[in-house]
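Keeping their order, the protein sequence lines are chains A and B.
Position one of the first sequence corresponds to residue 4 (the working numbering), numbered consecutively onward.
Position one of the second sequence corresponds to residue 37 (the working numbering), numbered consecutively onward.
Quick caveat, the hints were computed from the structure, so don't treat them as lab data.
One or more hints might be untrue.
Unchecked claim - Per the computed footprint, the stretches of chain B lying under chain A, defined by three or more beta-carbons under 8 Å from a beta-carbon of chain A, are:
| id | stretch |
| --- | --- |
| 1 | 120-129 |
| 2 | 132-143 |
Stated by the list, open to error - Taking lysine-lysine pairs in the DSS-like style, the calculated list, with each CA pair at most 25 Å apart, reads:
| id | chain 1 | residue 1 | chain 2 | residue 2 |
| --- | --- | --- | --- | --- |
| 3 | A | K228 | B | K157 |
| 4 | A | K129 | B | K157 |
| 5 | B | K74 | B | K220 |
Beta carbons: idealized from backbone N, C-alpha and C, even for Gly.
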Amino acid sequence: MSAAFVRMETLPPRAAPFAATGLWGWFARRLFATPADIAMTIIGFAAFVLVAMPLFRFLVFDAIWTGKDRDACLNAAGACWPFVAAKLNQFVYGFYPYEELWRPNLVFFVGALLLIPLLIPSAPFKRFNAFLFFGIYPVAGFVLLTGGNLDPQRFLLGRFVRIPEFIDLSAIARFIGVSGHVELGSRGGFRGTFWIDFIASAILLTGAVAIIARLFGTRFVTSLKAMAIVFVSLALIIAPVDADFGLRWVETREWGGLLVTLVVAITGIVAALPIGVLLALGRRSQMRLVRWTSIVFIEFWRGVPLITVLFFATYMLPLFLPGGASIERLVRALIGVALFSGAYMAEVVRGGLAAVPKHQYESAAALGLGYWKTMGLIVLPQALTHVIPGIVNNFIGLFKDTTLVQIVAILDLLGQVRSAFSDPNWSSPTTLYTGFAFAGMIYFVFCFAMSRYSLFLEHRAGSNALRVEGAMR
Amino acid sequence: MTDPAMSSDVVAVEMTGVNKWFGAFHVLRDIDLTVARKERIVICGPSGSGKSTLIRCINRLEEHQSGRIVVDGIELTSDLRSIDAVRADAGMVFQQFNLFPHLSVLENCTLAQIWVRGRPKAEAEEVAMKFLTRVRIPEQANKYPAQLSGGQQQRVAIARALCMNPKIMLFDEPTSALDPEMIKEVLDTIRSLADDGMTMLIVTHEMGFARQVADRIIFMDEGQIIEANRPEEFFSNPRHERTKRFLSQILP
Ligand SMILES: Nc1ncnc2c1ncn2[C@@H]1O[C@H](COP(=O)(O)OP(=O)(O)OP(=O)(O)O)[C@@H](O)[C@H]1O
Ligand SMILES: [Mg+2]
Numbered sequence: 004m005s006a007a008f009v010r011m012e013t014l015p016p017r018a019a020p021f022a023a024t025g026l027w028g029w030f031a032r033r034l035f036a037t038p039a040d041i042a043m044t045i046i047g048f049a050a051f052v053l054v055a056m057p058l059f060r061f062l063v064f065d066a067i068w069t070g071k072d073r074d075a076c077l078n079a080a081g082a083c084w085p086f087v088a089a090k091l092n093q094f095v096y097g098f099y100p101y102e103e104l105w106r107p108n109l110v111f112f113v114g115a116l117l118l119i120p121l122l123i124p125s126a127p128f129k130r131f132n133a134f135l136f137f138g139i140y141p142v143a144g145f146v147l148l149t150g151g152n153l154d155p156q157r158f159l160l161g162r163f164v165r166i167p168e169f170i171d172l173s174a175i176a177r178f179i180g181v182s183g184h185v186e187l188g189s190r191g192g193f194r195g196t197f198w199i200d201f202i203a204s205a206i207l208l209t210g211a212v213a214i215i216a217r218l219f220g221t222r223f224v225t226s227l228k229a230m231a232i233v234f235v236s237l238a239l240i241i242a243p244v245d246a247d248f249g250l251r252w253v254e255t256r257e258w259g260g261l262l263v264t265l266v267v268a269i270t271g272i273v274a275a276l277p278i279g280v281l282l283a284l285g286r287r288s289q290m291r292l293v294r295w296t297s298i299v300f301i302e303f304w305r306g307v308p309l310i311t312v313l314f315f316a317t318y319m320l321p322l323f324l325p326g327g328a329s330i331e332r333l334v335r336a337l338i339g340v341a342l343f344s345g346a347y348m349a350e351v352v353r354g355g356l357a358a359v360p361k362h363q364y365e366s367a368a369a370l371g372l373g374y375w376k377t378m379g380l381i382v383l384p385q386a387l388t389h390v391i392p393g394i395v396n397n398f399i400g401l402f403k404d405t406t407l408v409q410i411v412a413i414l415d416l417l418g419q420v421r422s423a424f425s426d427p428n429w430s431s432p433t434t435l436y437t438g439f440a441f442a443g444m445i446y447f448v449f450c451f452a453m454s455r456y457s458l459f460l461e462h463r464a465g466s467n468a469l470r471v472e473g474a475m476r
Numbered sequence: 037m038t039d040p041a042m043s044s045d046v047v048a049v050e051m052t053g054v055n056k057w058f059g060a061f062h063v064l065r066d067i068d069l070t071v072a073r074k075e076r077i078v079i080c081g082p083s084g085s086g087k088s089t090l091i092r093c094i095n096r097l098e099e100h101q102s103g104r105i106v107v108d109g110i111e112l113t114s115d116l117r118s119i120d121a122v123r124a125d126a127g128m129v130f131q132q133f134n135l136f137p138h139l140s141v142l143e144n145c146t147l148a149q150i151w152v153r154g155r156p157k158a159e160a161e162e163v164a165m166k167f168l169t170r171v172r173i174p175e176q177a178n179k180y181p182a183q184l185s186g187g188q189q190q191r192v193a194i195a196r197a198l199c200m201n202p203k204i205m206l207f208d209e210p211t212s213a214l215d216p217e218m219i220k221e222v223l224d225t226i227r228s229l230a231d232d233g234m235t236m237l238i239v240t241h242e243m244g245f246a247r248q249v250a251d252r253i254i255f256m257d258e259g260q261i262i263e264a265n266r267p268e269e270f271f272s273n274p275r276h277e278r279t280k281r282f283l284s285q286i287l288p
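Isolated chain A (complex conformation) (with noise of 0.2 Å):
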């Protein structure tokens, strides 16, 4: 070829030699490529054979699958799935009664149903949805699985003093023409004496409050609206707490299985973020005694295992709670679970408040915007995408940490399961493999599912993390 060149016309294309493509091309290329393939692709094979084959062979080829008691499974080399079958119910609900079972399937039911486009990024309506699963679902959830009605007694003034049971209202009802008293007692599982105890509190602690900050120059107006928006929400919590649906007491000793191990987790994700992301806004905050705060309250938590917790919330909290006060055992637990998961949450947050640059701190304040709005709308949205991988492994590691409950007599679903192998009528020489069996796959199922869905954010974060280093350039 001369040193000037033009090419006159285009080359067709060509197939491309015959190894390169096709199943035989692939399996050349990725696993006869070099003797080290070849030697790896052999060892791998060998392994998959030792491993995988006995366990399909135990799963599936070997498993018994119909069968009405042991003498089924008696000679089984396999797993017992009949077992799995009879202790379904079991193994989902604990020993929730049969008749209510409506009500965790409902539970269950609906949280997938909130669940699901909650996590979907171009579904609609995202902050309804939020809304409805973090504010409404969590309380509706709790009265369809409790039975609700709970019927406080006091509030907080009513620890001092005495609410009257009755008030004679006769002058008042006779002025505008009713006649009698009026009873203050339970209506409707509302709890008159709580409610006023509710009300008088409230409006006492607001004025306190208002006061307090006016000295540190916090405007009436600002504070009244911040107790208004507290006291609110929390009516609004109690209120359907208290009324009485007419469904009947569950009690949560009676719960059990996936259940438990579903409202253990889930308490504990929810309120492992919101309590992580203040603890790690704390740990930075300028403020000496928010910092050394957070810092020994993380610290503590991150120090002491959860089984310690657990037991410590079981058996020894109440030793401390004044006058014999009683917190449920499994709100005892769930407590223990969530501030243990908030403050281990709190370190992953605190590594992603410090990938956002300063310089955005800087234009947010530039532009106005103070601390909180700085902080929600600028900094956590970048510092979460950051650390989307350290959250998720969290939430995967809290799940399986939350069979540790079984150290305190909640039988969750691992609990539920090995609490069946002592039934008689299962005992086999498989029956012990069987149940661990599925209580893996189950947890497998969950835990894979949440890796995954961590693998989808951050690929789309992906792009974020683009857009992230073209600003910065």
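Starting from the known structure of chain A, arrange chain B with the ligands on it as the hints suggest.
Relative to the frame of chain A, chain B with the ligands by itself:
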């Protein structure tokens, strides 16, 4: 430099005896500066002379330790309300653009309008589109900052500040991070603002631009204002020794 006769409706920024230290380092020394409304001031000087620190004190991104800074009739004190009020009146454009990478161009422009000014979203978007059109990139409204060139990003940053209807604009080396072919588009944008009578303080090394736009050029060195003069005088007849040296280095 300070003329006590000027009242607050002619004075946009007034700094009297301002001092600032970073630790033991005396970064601003006895700064006296009065900026009239509609005045366009260019600040120049060698690296590390305190130019950025000076204009960052005006919207309190940096805190001064002594002296008085009054912006638009509001004195900057540690009172958070005075700081918020001043920040709402002073728009700032940074060397590194500092757009919010997780928000689209339009959202970058509407966020503070909605959350600080309390404007309804629709109105905020209308205002944002108005200023994006003004900086000649309305078609980029739904892109993300990383998808824009540096010059476009800086123009978005200018639009974002303008959306807050500031009375004063502060520019800290707005073109220093840009490739040469993009500098012009940003300078043209700033120039058109100047033509509209915006009060501006601009830190820049673009001397040609300074000569055209500035009412007054301020030369700083070692945390002090060394010389301030009208551009023609400043360039043709610099009086201080350090100004002369600086100009001989920077001008061709
Ligand atoms: N946050 C800080 N802490 C300590 N020293 C600082 C800080 N910010 C700036 N300085 C120092 O103060 C001096 C003035 O900084 P400033 O950024 O105002 O200079 P400048 O004139 O804008 O320079 P340049 O042209 O390089 O931007 C520099 O010596 C710098 O090192
Ligand atoms: Mg600078």
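For each hint, the structure was consulted:
no. : hint              : in the structure
1   : 120-129           : holds (count 6)
2   : 132-143           : holds (count 7)
3   : A:K228 <-> B:K157 : 23 Å, holds
4   : A:K129 <-> B:K157 : 17 Å, holds
5   : B:K74 <-> B:K220  : 23 Å, holds
In terms of the numbered hints stated before, the structure departs from none.
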